[in-house]
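Going down the list, the protein sequences come from chains A and B. Under the working numbering, the first residue of the first sequence is numbered 1, with each subsequent residue one higher. Under the working numbering, the first residue of the second sequence is numbered 185, with each subsequent residue one higher.
It should be emphasised that the hints constitute simulated quantities derived from the structure, not laboratory data. Please note: incorrect hints may appear among the correct ones.
[What the hints assert, rightly or not] Once the Cα atoms are required to be at most 20 Å apart in a straight line, the calculated SDA-like pairs of lysine to any residue come out as:
1) A/Lys94 <-> B/Ser730
2) A/Lys86 <-> B/Ser813
3) B/Lys497 <-> A/Asp73
4) B/Lys727 <-> A/Phe104
5) B/Lys551 <-> B/Phe594
6) B/Lys765 <-> A/Asp73
7) B/Lys357 <-> B/Ser314
8) B/Lys692 <-> B/Tyr668
9) A/Lys139 <-> B/Leu434
10) B/Lys824 <-> A/Val89
11) A/Lys97 <-> B/Tyr668
12) A/Lys96 <-> A/Asp162
13) B/Lys727 <-> A/Ala99
14) B/Lys679 <-> B/His723
15) B/Lys824 <-> A/Gly46
16) B/Lys613 <-> B/Lys357
17) A/Lys94 <-> B/His731
18) A/Lys86 <-> B/Asp785
19) B/Lys820 <-> A/Asp162
20) A/Lys97 <-> B/Ala725
21) B/Lys654 <-> B/Phe594
22) A/Lys97 <-> B/Ala726
23) B/Lys758 <-> B/Tyr655
24) B/Lys842 <-> B/Lys824
25) B/Lys817 <-> A/Thr109
26) A/Lys86 <-> B/Lys500
27) B/Lys727 <-> A/Asp73
28) B/Lys615 <-> B/Ser599
29) A/Lys96 <-> B/Ser728
30) A/Lys86 <-> B/Ser734
31) B/Lys500 <-> A/Ser37
32) A/Lys139 <-> B/Asn267
33) B/Lys497 <-> A/Thr111
34) A/Lys86 <-> B/His731
35) A/Lys97 <-> A/Gly166
[Claimed, not checked] From chain B, some residues computed to sit far from chain A (all C-beta separations above 10 Å):
36) Lys352
37) Ile547
38) Arg628
39) Phe794
A virtual CB, placed ideally from N, CA and C, is assigned to each residue, including glycine.
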Amino acid sequence: MLDEHTVANLPRTAICRFFTMSAKLNALVSDSYVDVSQYRDQHFKGNRYDQEKLLKQSHTLYVGNLSFYSTEDQVHDIFSKSGDVKRIVIGLDKVKKTACGFCFVEYYTRTGAENAMRFINGTRLDDRIIRTDWDAGFKEGRQYGRGKSGGQVRDEYRQDYDPARGGYGKLAQQHRPTEANNSF
Amino acid sequence: MSRRRHSDSDNEGHPDKTNFKKKLSSQSTSSLESNLEGLAGVLEADLPNYKNKILRILCSVARILPEKLSVYTTLVGLLNARNYNFGGEFVEAMIRQLKETLKNNLYNEAVYLVRFLSDLVNCHVIAAPSMVAMFENFVSVTQEEDVPQVRSDWFVYVVLSCLPWVGKELYEKKDVEMDRLLSQIEGYLKGRAKTHVPMLQVWTAEKPHPQEEYLDCLWAQIQKLKKDRWQERHILRPYIAFDSVLCEALQHNLPPFTPPGHMPDAQYPMPRVIFRMFDYTDAPEGPVMPGSHSVERYVIEENLHCIIHTHWKERKTCAAQLLSYPGKNKIPLNYHIVEVIFGELFQLPTPPHIDVMYTTLLIELCKLQPGSLPQVLAQATEMLYMRLETMNTSCIDRLINWFSHHLSNFQFRWSWDDWSDCLTVDLEKPKPKFVKEVLEKSMRLSYHQRMVDIVPATFAALIPAEPLFKYKYEDESASSLPGYQASIIVGNAIKNRASNEEILTLLKDVPNPNQEDDDDEGESFNPLKIDVFLQTLLHLAAKSFSHSFSALGKFHEILKALTERDEGKLHILKVVYEAWKNHPQMIAVLVDKMIRTQIVDCAAVANWLFSQDMAHEFTRLFVWEILHSTIRKMNKHVQKIQQELEEAKDKLEKQQHKRVTSSNSEDEEGQLEEQIDRLQEKVESAQSEQKNLFLVIFQRFIMLLTEHLVRCETGSVDISTPWYKNCIERLQQVFLMHHVTIQQYMGTLENLLFTAELDHHILAVYQQFCALQL
Chain A
1 MLDEHTVANL PRTAICRFFT MSAKLNALVS DSYVDVSQYR DQHFKGNRYD QEKLLKQSHT
61 LYVGNLSFYS TEDQVHDIFS KSGDVKRIVI GLDKVKKTAC GFCFVEYYTR TGAENAMRFI
121 NGTRLDDRII RTDWDAGFKE GRQYGRGKSG GQVRDEYRQD YDPARGGYGK LAQQHRPTEA
181 NNSF
Chain B
185 MSRRRHSDSD NEGHPDKTNF KKKLSSQSTS SLESNLEGLA GVLEADLPNY KNKILRILCS
245 VARILPEKLS VYTTLVGLLN ARNYNFGGEF VEAMIRQLKE TLKNNLYNEA VYLVRFLSDL
305 VNCHVIAAPS MVAMFENFVS VTQEEDVPQV RSDWFVYVVL SCLPWVGKEL YEKKDVEMDR
365 LLSQIEGYLK GRAKTHVPML QVWTAEKPHP QEEYLDCLWA QIQKLKKDRW QERHILRPYI
425 AFDSVLCEAL QHNLPPFTPP GHMPDAQYPM PRVIFRMFDY TDAPEGPVMP GSHSVERYVI
485 EENLHCIIHT HWKERKTCAA QLLSYPGKNK IPLNYHIVEV IFGELFQLPT PPHIDVMYTT
545 LLIELCKLQP GSLPQVLAQA TEMLYMRLET MNTSCIDRLI NWFSHHLSNF QFRWSWDDWS
605 DCLTVDLEKP KPKFVKEVLE KSMRLSYHQR MVDIVPATFA ALIPAEPLFK YKYEDESASS
665 LPGYQASIIV GNAIKNRASN EEILTLLKDV PNPNQEDDDD EGESFNPLKI DVFLQTLLHL
725 AAKSFSHSFS ALGKFHEILK ALTERDEGKL HILKVVYEAW KNHPQMIAVL VDKMIRTQIV
785 DCAAVANWLF SQDMAHEFTR LFVWEILHST IRKMNKHVQK IQQELEEAKD KLEKQQHKRV
845 TSSNSEDEEG QLEEQIDRLQ EKVESAQSEQ KNLFLVIFQR FIMLLTEHLV RCETGSVDIS
905 TPWYKNCIER LQQVFLMHHV TIQQYMGTLE NLLFTAELDH HILAVYQQFC ALQL
């Protein structure tokens, strides 16, 4: 807790150092919504440095926590509010080839993607808070869920009931008797 | 998603100055004072070694944290009291910075700098007479001849905008000079042209709140302040507590400052209109809203605008800063915040920041004040709905987009029944039209059945159609249509993955309704061919946007062949519309793709939107979204090639420098020169296309409007129908949204289109536009 007592008793060298850092004057007005997150794609072909470089220049966003029923039209409408959308790739269940709750949105400009990170990330689509994150760029094959059952990994292990994402998580479903199992 | 959190210390355990400054800004008065004292002590001790860094930081703070003005002027005051030389160097640095910002057309920042300097008078850093002298130099710009009004406007604005902070002090020291200054300003304001004002007003009605021109409003506020003997009680003034220390300080004189002369490429700020939607009658309980001509109102609005300007990229911080506005207990803060935000959203020509920012900011504010802000927002929405009849069409567009997006974050909960008055009037009137467009936009963010569910049954006529494809050749009932057989053949060919050549061959057999049987002119325009192919293709690809884009890509060759001529381009747009008329969003994305893949060009799209076939859709929002998107694409295209040309020119220059040192690059230079020539041609051709696009658009507007005006005149009917209001404001909108680009073509527009023979209603729009930068 920095109060005047602490300030008055700071060693000289400490003050010198924080002025060096404050020289980055943009620190006075930050833009943290645009920062790269901690997530790194484990399947990325290349090293961490390459991935980070791509993320910092990327025009593509990963969008998560979508309802399985959210359509490309809806995604296009909401993400067009921050810039012209070049392409949308809806994430698919690897087995069923149906939407499984994520997508990629690629913009023509970096600014479009940045404004989406600032103003669309963390707001609702189909009544759900959607999350956006920088993506290194869409490549064929990345549109498929990586969970064992074909959907996203997060839907394998979750314990809650989410009607917009296939109900219970896949693991939880195995332990629950379903209607189908009970009726003959 | 993790966001970097501001902590009190960085990784090395050193105090984070950023956060400290923010703490400085949000303390209660007494701890703010002790923090200022402490910080001044620390900085003074470090001046011998870090003077330049400290100067730089403080100068930046003055430029980019305007809402914390008095906190930092006090700090500078304390430093000056302890170290006179530092004070002098700071003032010099500020003047240098001011010159730079003016040179670089950064007029908003320049205002903050001058205001900072003027508050330094209050902190005994700058001598009052030298500040008055600077103001006199600014106001003398009004004597310049042959300069744009917006130039002298700015210099007058700067002086007036400082007076709430420093008026009292300056009057105490130099009242004769100040009186003279103010009367000079008054004379100038009386003589100003106000042609531009109607174009910038959000409402055309004077009641309940006049939409005042910004300088007129500020002048009225300063007049009132003067009448109150410059007593101003709203601004936070930490320096008052340090008066005993500060008044011992030696003051500096500002060096004589000559305003930089007018340059032809100067971009002065556009004039504005002050947006007011609330007054003291609107806040039911609690503190009273300061009057529209009170200086408090100016200071509050100015500070709230500054907070948004500083923090717009960080919505949580922005919302928190807005809600922790100092002195908030004495004002109905929520009302001020909502008014300022809507003021920015509805600002003409364009909002200061991207529209969606305001939506998200308001959501954030509702989250932080769930017990009070949503109610104010609902009250505001209700008021805006009530006044739709006189609201500018561009502003209604933004209201539609905001409201639908906002609702989609709150399960579309709204008291629609309160708006059932809109059901009793003609559907083209502003209120039902607004509700219709809101439901259409809301549907895009959800789905058709949701719209049916959220509104009362009485609203059925306003619910948009289900966004389904209308296949002309659907089934047997279409068998009498001339293209029916061909559609089956082509459909099968596509499904069997026939090649483009094969399909083109099949299409040759489609009869041409425009041609006689024995007419052997060869390749003349065959609308049925386009109809059959595109209807069938789009039908097969109707599942999603991606499917349709894929189809356009796969059969690009065929589509290009079919649309080689202008008639073909026009017809393909017609077919797309007929097939997807219930899904305007799909029409928009298909048109966008077709422009980008050069199946149609921008002029074709403009001609199509203005064509007789689209007349019945002319007042729908999607039509204008397509038009403006088309113009933007054209503008970006020109900019892109211009940039390529600049880059090639730069490269050539670098090569020529290298040639001095090495002799191998003559070939490269030759290639570059050729490339530059080609790019130059490309730029010229693109600019020609751009100019042509605007000519087409304006020409069409003029034709439509003239027709309407003549018809009304001969029939002795009032011209002000809903259609007319929409059309004339759409014309205004084209000027406003693309003013930077259009300004290049003013000469042509004036010579060819906006001549004196034009009906004065139409000419007035053009003249108002010209007045914006005059």
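Between lysine 139 of chain A and asparagine 267 of chain B, does the CA-CA distance stay at or below 20 Å? 62 Å, violated
Going straight from one Cα to the other, do lysine 615 of chain B and serine 599 of chain B come out at no more than 20 Å? The given pair, whose Cα atoms are some 15 Å apart, holds under the 20 Å limit.
Within 20 Å, alpha carbon to alpha carbon, are lysine 357 of chain B and serine 314 of chain B? 11 Å, holds
For a C-alpha distance cap of 20 Å, please report whether lysine 96 of chain A and serine 728 of chain B respect it. Within the cut-off at roughly 18 Å; holds.
When you check the alpha-carbon spacing of lysine 820 of chain B and aspartate 162 of chain A, does it fall within 20 Å? 43 Å, violated
Is the straight-line distance between the alpha-carbon of lysine 758 of chain B and that of tyrosine 655 of chain B 20 Å or less? Distance of about 14 Å is within 20 Å: holds.
Given pair status - histidine 723 of chain B, lysine 679 of chain B, alpha carbons within 20 Å: Holds - the C-alpha atoms of histidine 723 of chain B and lysine 679 of chain B are around 12 Å apart, at most 20 Å.
Decide if the proposed pair is consistent with the structure: lysine 497 of chain B and threonine 111 of chain A, CA atoms, cutoff 20 Å inclusive. 12 Å, holds
Verify this label for me: phenylalanine 794 of chain B is non-interface relative to chain A, using a Cβ-Cβ cutoff of 10 Å. The claim stands: phenylalanine 794 of chain B keeps its Cβ more than 10 Å from every Cβ of chain A (closest is about 23 Å).
Verify the proposed pairing of lysine 500 of chain B with serine 37 of chain A, using a straight-line Cα cut of 20 Å. 18 Å, holds
Is lysine 842 of chain B within 20 Å of lysine 824 of chain B, Cα to Cα? 27 Å, violated
Between lysine 97 of chain A and alanine 726 of chain B, is the straight-line Cα distance small enough, at 20 Å or below? 18 Å, holds
This entry does not satisfy hints 3, 9, 10, 11, 15, 16, 19, 21, 24, 26, 32, 37, 38, going by the numbered hints stated previously.
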